[in-house]
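Starting from the given sequences, assemble the full structure and let the hints guide the process.
The primary structure of each chain is shown beneath.
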Amino acid sequence: MFAELFDEHAHPLHRYLARRVGVDVADDLVSETFLAAMRGKETYDPERGSVVGWLYGIATNLLRGHAKRELRLLRTAERYGVDLSVAESLEHTVVTRVDARAHLRLIAGELARMPDVDRDLLLLVSLAGLTKQEAAEALGMNPATARSRLHRLRTKLKELELRNA
Amino acid sequence: MRDLLDDDIAELYPVRGSDDVRLARLREQLFTEAPVRRSRNWVGIAAAAVAVVMITGLVVMLRPAHRDAPATMPSTPATSLQEAATMLELAEKPTAKYRHVRYLVWQTITVGVAEAGSRFGATAVEFEINAWVPSAKGEMIVIYRKFTGRSHPVMGQQEPIDRIVSSDSKGPVLWGTFCTTAPCKETSLALPLPVDPAQRMDAASSRLLSPYTTNEELAATYRELAATPGVRWENGTVSVDGARTSFHIDPATGRVTASVQTKPADSPLPDGTVTMTVDVTNEWTDRSPS
Chain A
4 MFAELFDEHA HPLHRYLARR VGVDVADDLV SETFLAAMRG KETYDPERGS
54 VVGWLYGIAT NLLRGHAKRE LRLLRTAERY GVDLSVAESL EHTVVTRVDA
104 RAHLRLIAGE LARMPDVDRD LLLLVSLAGL TKQEAAEALG MNPATARSRL
154 HRLRTKLKEL ELRNA
Chain B
-6 MRDLLDDDIA ELYPVRGSDD VRLARLREQL FTEAPVRRSR NWVGIAAAAV
44 AVVMITGLVV MLRPAHRDAP ATMPSTPATS LQEAATMLEL AEKPTAKYRH
94 VRYLVWQTIT VGVAEAGSRF GATAVEFEIN AWVPSAKGEM IVIYRKFTGR
144 SHPVMGQQEP IDRIVSSDSK GPVLWGTFCT TAPCKETSLA LPLPVDPAQR
194 MDAASSRLLS PYTTNEELAA TYRELAATPG VRWENGTVSV DGARTSFHID
244 PATGRVTASV QTKPADSPLP DGTVTMTVDV TNEWTDRSPS
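So the protein sequences, as listed, match chains A and B. Just so you know, we're using the working numbering here: the first sequence kicks off at 4 and counts up by one. Just so you know, we're using the working numbering here: the second sequence kicks off at -6 and counts up by one.
Hints are supplied without guarantee of correctness; some may be wrong.
Said to hold, decoys possible - Examples of chain A residues lying across from chain B (beta carbon under 10 Å, computed): (1) Val26; (2) Gly68; (3) His69; (4) Ala70; (5) Ala80; (6) Glu91; (7) Pro118; (8) Leu133; (9) Gly143; (10) Arg155.
In short, the hints are calculated from the structure, not lab data. All residues carry an ideal CB built from backbone N, CA and C; glycine is no exception.
Structural data, given as structure tokens:
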């Protein structure tokens, strides 16, 4: 049955994790997520939430171990105004010129500065495509709190974008 | 609805190569069994099957298959009202005998007068409405309504529950149409929606919640709302400033799964008080209670 769970969720989970910390780390995280899920199957209670929320909750906890990596990439992205895949390559090469994108600088900087849980909430919904309910379950948050928190985060980012437009 | 912020986040975090071969090998390492035939792309890429290991004693609740329709589900969630409309228009016609729609309604009821020296309070009470709408012409429509017995205080002086909910109370009227047999036409569809965006959203409630509204009629309503200035879609939540009512549409099915209504302007309740929530589930079944 976990094989079916893997078949349904591994691909989108891997895609989400790879976007945040790169493909190599994402491989390990997907593997660790499903191993943790199999070992901790008793912790899943369908009465309390969806299996998506549960899986992404495990993945998010594991991702915290790689928070420094993501923050480093975000700071590089902020400095050069590039996306995270370019930021990753900048770590290994000497670059004399990059085409900076100002809006990426702004978003990267804000994401780097926000608390981990806020960043996770924002990205679980925006990148991973989870519903607010699922994201709340993944983060162990009250759904109403998650909704209002997300609204506040998004409003702040949008206002910043508008001011800098 | 996705907006510029989501686009910028997606640009900052671009899609990296998700290697099917890599995932297939990972699957093999984790489960050491042949891939399930109906799984995704990497099935045919995986190496030859090794000995199957039965993983016993596992109780896993997979994400429940949407009870909405047993027909083929679109794989891409809707990201707008228009996409939700298309989803409904393209949905295969179910073959089951009945569409069973269940509504769980929390309604805030006020008692008393909000004046100095008077008793005033508000209590939320729960009703359950079940509607079985048959597919076949001439078959009887069955609707049951009841107060579930559950309540919770909202504010002020709380009265005994039997003073708030009478013994014959059946809950709020969510749609105005009364029918005894199928087919039944939702009558609110005959009236055009108001032009004002907030009034339009509120007026759309009957047709969006009615069990008699067909997929095509629901889709047409979505398109009307999508074309209304100020209407927002945020991950399935549809709202507009100034309206009392907002809705949630399940991006996976295109169906309305919830509505929230706040107090009218002339109510003594505090601003923003939710006066009604409706949670809707749909299923197709061959059984009815009668």
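Taking the hints in turn, this is what the structure says about them:
1. Contact between Val26(A) and chain B, as hinted, is supported at the beta carbon level, the nearest pair being about 5 Å apart and thus within 10 Å.
2. Interface hint at Gly68(A): violated, since its Cβ lies 19 Å from the closest Cβ of chain B, which is beyond the 10 Å cut-off.
3. With a least beta-carbon distance of about 14 Å to chain B, the hint placing His69(A) at the interface is violated under the 10 Å criterion.
4. Given the 10 Å rule on beta carbons, the hint for Ala70(A) is violated: about 15 Å separates it from the nearest Cβ of chain B.
5. Evaluation of the Ala80(A) hint against chain B yields a held restraint, the C-beta minimum of about 6 Å falling below 10 Å.
6. Proximity of Glu91(A) to chain B holds as hinted, the smallest CB-CB distance being about 9 Å (cut-off 10 Å).
7. Of the supplied interface hints, the one on Pro118(A) is violated, with its beta-carbon coming no nearer than about 17 Å to a beta-carbon of chain B, more than 10 Å.
8. About 9 Å separates the beta-carbon of Leu133(A) from the nearest beta-carbon of chain B, less than 10 Å, and the hint is met.
9. The interface hint given for Gly143(A) is broken, as the beta carbon of that residue sits about 18 Å from the closest beta carbon of chain B, more than 10 Å.
10. Against a cut-off of 10 Å between C-beta atoms, the interface hint on Arg155(A) is violated, since the closest Cβ of chain B lies about 13 Å away.
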